[in-house]
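K.L.:
Sequence:
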Amino acid sequence: MYKVRLQELCREAHFPVAEFGSEHFVVTPGIAGDLRILPYVEQWKKALSSGWYHVRMADHSIFIFSEGAKPSYAFLHSPLQIVTFAEYLEALGERDTPRARALHREDYAHVFDTASLREYVTPIRFDYDAASYRAGARPAAHIHIGLDNEIRLAANKMSAVSFLLFVMRQMYPKCWERLLGRQKRDWLVRPIRGESTELPKELWSQVDRIELHLA
122 MYKVRLQELC REAHFPVAEF GSEHFVVTPG IAGDLRILPY VEQWKKALSS GWYHVRMADH
182 SIFIFSEGAK PSYAFLHSPL QIVTFAEYLE ALGERDTPRA RALHREDYAH VFDTASLREY
242 VTPIRFDYDA ASYRAGARPA AHIHIGLDNE IRLAANKMSA VSFLLFVMRQ MYPKCWERLL
302 GRQKRDWLVR PIRGESTELP KELWSQVDRI ELHLA
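The opening residue of the sequence shown carries number 122 in the numbering used here; numbering runs sequentially from there.
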């Protein structure tokens, strides 16, 4: 439903996507439950090895989009301290071609398997849960940043597209700058600040407006 739009954005921004996941992949309650109980690194490994993602980046970070009445969009920042496959080939003096990738695939797999962990990671997740809303305390639409904290940044409604744009701006700023370099920017505004992103009045009270929010 959003794959075509995402691909268009990624092309325009030169977003370093390694691959898009299966168009048939859906986050089921079982998958969500399996991931939720795992520590972060194991959660990322499980999702990556199982193909439970919608976008896999060249740096091995992944995006997972869960739709429905309570949409949730996640960016799992790769915990590995590792060069991309393209960077690995460049260090060998090779061009990044299908032939070069096939020739060095096993060597790069070893680099992947033996890579050390980053000291810090910055996962990002958007949740929309109207039933859990509490004025001034728990925003219906909010963004989590990092691990093991109580951060919930109040936000407008988001879609998979606007979430990807948010992560692009924060984690891949050069790509965001390329998008802003386009002559026509109006097409960026609609998914970020269009009418469809507005919260119902009953989920956005005066007391909610006191805090700094993403809107």
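Accuracy of the hints is not assured; some may be wrong.
Straight-line distance between alpha carbons at most 30 Å, and here's what the computed DSSO-like set of lysine-lysine pairs gives [claimed, not checked]:
(1) Lys124 with Lys278
(2) Lys322 with Lys167
(3) Lys167 with Lys278
(4) Lys166 with Lys191
(5) Lys322 with Lys295
(6) Lys124 with Lys191
(7) Lys295 with Lys278
(8) Lys278 with Lys322
(9) Lys166 with Lys322
(10) Lys191 with Lys167
Hints in this document: simulated from the structure, not taken from any laboratory.
K.L.:
Each hint needs a verdict: does it hold in this structure or not?
P.N.:
Hint check:
1. Lys124 with Lys278: Between Lys124 and Lys278 the Cα gap is close to 19 Å, so the pair holds against 30 Å.
2. Lys322 with Lys167: violated (39 Å)
3. Lys167 with Lys278: holds (28 Å)
4. Lys166 with Lys191: Status holds; Cα separation ~25 Å.
5. Lys322 with Lys295: violated (36 Å)
6. Lys124 with Lys191: Distance of about 20 Å is within 30 Å: holds.
7. Lys295 with Lys278: holds (25 Å)
8. Lys278 with Lys322: holds (13 Å)
9. Lys166 with Lys322: Violated, at about 40 Å.
10. Lys191 with Lys167: Status holds; Cα separation ~23 Å.
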